[in-house]
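Assemble chain B onto chain A, guided by the hints.
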Amino acid sequence: MAKFDEMEYYKQAELLNIDYDQVPDSDWMDTPVDFRPGTFIYPGKPARLEYLDLPNAREWSVLEEDWKLQDNWKQIVLEGMAERLTKYRSFKLFMDVCVRCGACADKCHFYIGSADPKNMPVLRAELLRSIYRKEFTMVGKVLGKIAGARELTIDVIKEWFYYFFQCTECRRCSVFCPYGIDTAEITMMGRELLGLLGLYVNWIIEPCANCFRTGNHLGIQPHALKDIFEDLCDDIKTATGIEIDPPFNKKGADILFVTPSGDFFAEPGIFTCMGYLILFHELGLNYTWSTYASEGGNFGLFTSHEMIKRLNAKMYMEAERLGVKWILGGECGHMWRVINQYMDTMNGPADFLEVPKSPITGTVFENAKSTKMVHIMEFVSDLIKHKKLKLDPSRNDHINVTFHDSCNPARGMGIIEEPRYVLKNICNNFYEMPENTIREQTFCCGGGAGLGTDENMEMRLRGGLPRGAAVRYVQEQFNVNQLACMCAIDRATLVTVCNYWAPGVEVTGISELLANAMVLKGENDRKLNLRLEEIPGK
Amino acid sequence: MKVIIGLIAVSVLFLAGYGLSGAAPYLFGVIIPYAAFALFLAGFVYRVLAWAKVPVPFRITTTCGGHKTHDWLPRSKYDNPSNAVETFIRMLLEVLCFRSLLKNTKTQPGDDNKPVYATEIFLWLGAIVFHYSMLVVLLRHIRLFVQPTPAFVTMIERADGFFQVGVPVFYLTSFGLIAGLVYLLARRLFNPQVRYISLLNDYFPLFLLLGIGISGFWLRYISKADVIAIKELATGLVTFTPSAAILSSISPLFFGHLFLVCVLLMYFPFSKLMHIAGVFLSPTRNMANNNRAVRHINPWNYPVKLHTYEEYEEEFGELMKAVGLPVEKE
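Line order of the protein sequences matches chains A and B.
To convert, note that position 282 of the first sequence is 282 in this note's numbering; the numbers rise steadily by one, no gaps.
To convert, note that position 118 of the second sequence is 656 in this note's numbering; the numbers rise steadily by one, no gaps.
Please note: incorrect hints may appear among the correct ones.
Stated by the list, open to error - Listed below are the simulated EDC-like cross-link pairs for lysine to aspartate or glutamate, each with C-alpha atoms no more than 20 Å apart in a straight line:
no., chain 1, residue 1, chain 2, residue 2
1, A, K251, B, E866
2, A, K251, A, D351
3, B, K540, A, D351
4, A, K390, A, E306
5, B, K644, A, D351
6, A, K538, A, D397
7, B, K591, A, D25
8, A, K11, A, D397
Stated by the list, open to error - Computed footprint of chain A on chain B, listed as stretches where at least three residues anywhere in the stretch have a Cβ under 8 Å from a Cβ of chain A:
no., segment
9, 558-571
10, 614-628
11, 816-830
As the list claims (entries may be wrong) - Residues on chain B that point at chain A, a partial pick, calculated with CB under 7 Å:
no., residue
12, F636
13, S638
14, K641
15, Y655
16, T657
17, I659
18, L663
19, P730
20, V732
21, H813
22, H834
Hints listed in this document are in silico derivations from the structure and should not be mistaken for laboratory results.
The structure displayed is predicted, hence computed values, not measured ones.
From the three backbone atoms N, C-alpha and C, an ideal C-beta is built for every residue, glycine too.
So that you can see chain A by itself, here it is in the shape it has in the complex (with noise of 0.2 Å):
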């Protein structure tokens, strides 16, 4: 018998049979929080949060009545509010200005998997929209609950505790929002006010401590790093035939190579890390990793701005002690949305980098040059077009692949064109998903933003149903049997989506087929792909 936290626990029938035109009886203010197993996570273990200097460090319970908040847990959260309200303009004009027009509310894929009006974008933000009203607003005060206003209490707290957990800081509501209300700005600043309480998840604050301390979110210690590689560079052996000794820590590396912990851990991560390797030493690349710096991940942008800025700023202090000329990034999605959109802000200027230039081709990233970090796969695409990379995509025959287009990478970057054009070159049967599901529409796999544990199964199936229909749409169209992805949560819980809403359908990341396509210098006859299963016809 399936557990709330196995996906084999929920009948598809049963998630399926949604309404949206069916709303509560009860005005939303009244409606309570249905805290049900599988639809919410773990509380933070206290040693984390002592070991990251955080606040209110205890045991608790969502569960339980009592979530053991400080006295003053009230004056803390509303001083909490007003400090950040003069501190983000996002914050202060995204209370100000919604007109809830609606254009978001069927945007989100947790609404859309769940219909629970609680999920839609505008009242995710109204959440927080009517403590602001009664808090900070003359209007608010006078009229109180007719004109969207209420007091903070600790059901509302619980409430956020809810539903900031149920948001995946995805960004797609913002793109239809006509004056850009990001929800993701909005769940930013409700989970640092609940961390203000000590009201952390541990499936993010777990690997934000690991992170601090070992470097990266899975808690490896270098010397087991280390092991991993000599695991993968053993099995990129017996597939390929070539012999890879990765550096490490290498002073005097042209590039440092950072890419999310997860691609070291488990399948089929770990055959995007193998790409890499092959990819770098057939290039003869002067590259090094990092044990430090050992993640590309940043937990931090699920937990608060100072947590993004404590975790990435390694990443800099490595490339400077190593001496690196500039960095290079893996595949990874909110990582990209961190180093685009606040790493140099953070903790630049990045004065001791140089601007980055391909060793191979000579092209120079002109849009990169203050951050100094280029894409994985700007730098591939830049190969292949540069016919740097001999390829043989024939070896990929096998495959029909559809591409995910994660996030953070399409909403907070835009990174749409280079997977593609990388796809397309090294894979012959590539066919999109339905439009409205791809590119700055794309959804999400349902579990990002630190909400792909298991204990919320319930959830990422239903936030996973937009991708997981899609993606089942163009099985059935196409006969599509892979999912190319470039974020390593995707390669985590995308697994998990399509297994449910699109059984027959991989995972995998694109350096994966990049160096299943890749000819290489003194290979074997290259009967294995990566994941050491024989390739059809070779």
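Just chain B, lined up with the frame of chain A:
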């Protein structure tokens, strides 16, 4: 409930202007309009300054379409701008064409109740019809305040009255304004999701604008208000020489209309209607996506507690040495 309160509030306000102006014409014709306009101006400026003085710590552009990268790859200049000019055009398209609303889709249950996405253009259409009608109606009102009537106002009137129906000439926007508002109101009332999220703050301005639109329509086409007298009052107000004598010759219906306009002006700065200014300040729209090329400065950036390499090697140095990883302290 919210709907009824909104409707009643606007009705009462209209009746106040309609019924009480006879007893206190100077109050309703001169004092309240001045007070309302002053409050509008001061409130508007205050609100914009309140936003503007809050810093924008990060450049958080919402990007749509490809960024600026290799020259040989396609990119979306106006959905993912890389410089000030492209950003300006993005803003222009947003403010003038409601471009984001134009992208709107409707999620519907398809096969097996799985979601499918249909184009949904009516919200955009209703919004465009209302806003542009409102703009033209406002511009047409300039005729009442300025003597002689500026040429551009006459031109607008000619275009607006293109169909030449009846006397006085029927303006398309008189209809458009009311039709747009009725659509937006109906959508709020009959779309279950939108109804669920709606507040008094949403119904009240709709009813208020409808009240203004309908009373204005009535004044122009049905009761055929005394435009000469109204113009004398209006020009007197804008030249700060209001004529008390003229007030008694103006119909109460006009005062009902005028009072609702005054209420709108006073309510405006404290309401969601400020989106007209807010849209220009939205950080996800009004900044270029060029963070990696041009560093954005956060004025309150502060040092945070870090875990340095030295601390890291302190903890893991021996383990690193054991597997041959290079370290700083041998």
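For each hint, the structure was consulted:
1. Between K251/A and E866/B the alpha-carbon distance is near 10 Å, which keeps this suggested pair within the 20 Å criterion.
2. The straight-line distance between the Cα atoms of K251/A and D351/A is roughly 18 Å, inside the 20 Å bound, and the hint therefore holds.
3. Distance check on the hinted pair: K540/B and D351/A sit about 58 Å apart at the alpha-carbon level, beyond 20 Å; violated.
4. Of the pairs offered as hints, the one joining K390/A and E306/A is violated, with about 44 Å between alpha carbons and a cut-off of 20 Å exceeded.
5. Proximity of K644/B to D351/A is assessed by CA-CA distance (about 48 Å); at most 20 Å being required, the pair is judged violated.
6. With a C-alpha separation of about 10 Å, the suggested pairing of K538/A with D397/A holds against the 20 Å cut-off.
7. Between K591/B and D25/A, the direct Cα distance comes to roughly 42 Å. Violation of the 20 Å bound is thereby established for this hinted pair.
8. Between K11/A and D397/A the CA atoms are separated by roughly 34 Å; this puts the pair beyond 20 Å, and the hint is violated.
9. Beta-carbon proximity to chain A at under 8 Å applies to 0 residues in the segment 558-571 of chain B; the threshold of 3 is not reached and the given coverage is violated.
10. A stretch counts as covered by a chain when three or more of its residues have a beta carbon under 8 Å from one of that chain; for the segment 614-628 of chain B and chain A the count is 4, and the coverage holds.
11. Counting residues of the segment 816-830 of chain B whose CB falls under 8 Å from any CB of chain A gives 11; the rule of at least 3 is met.
12. Against a cut-off of 7 Å between C-beta atoms, the interface hint on F636/B holds, since the closest Cβ of chain A lies about 6 Å away.
13. This hint holds: S638/B has a C-beta 5 Å from the nearest C-beta of chain A, less than the 7 Å allowed.
14. Look at K641/B: its Cβ gets to within about 6 Å of chain A, closer than 7 Å, so that hint holds up.
15. The beta carbon of Y655/B comes within 4 Å of a beta carbon in chain A, closer than 7 Å, and the hint placing it at the interface holds.
16. Residue-level restraint check for T657/B is violated (minimum Cβ-Cβ distance to chain A is 9 Å; threshold 7 Å).
17. Hint status for I659/B: violated, given a least beta-carbon distance of 12 Å to chain A, over 7 Å.
18. For L663/B, the shortest C-beta to C-beta distance to chain A is roughly 13 Å, which exceeds 7 Å, and the interface hint is violated.
19. Interface restraint check for P730/B: the shortest CB-CB distance to chain A comes to about 5 Å, inside 7 Å, so the restraint holds.
20. The restraint placing V732/B at the interface with chain A holds, with a minimum CB-CB distance near 4 Å, inside the 7 Å limit.
21. Given the 7 Å rule on beta carbons, the hint for H813/B holds: about 4 Å separates it from the nearest Cβ of chain A.
22. Here the hint on H834/B is kept, as its CB sits about 5 Å from the closest CB of chain A, short of 7 Å.
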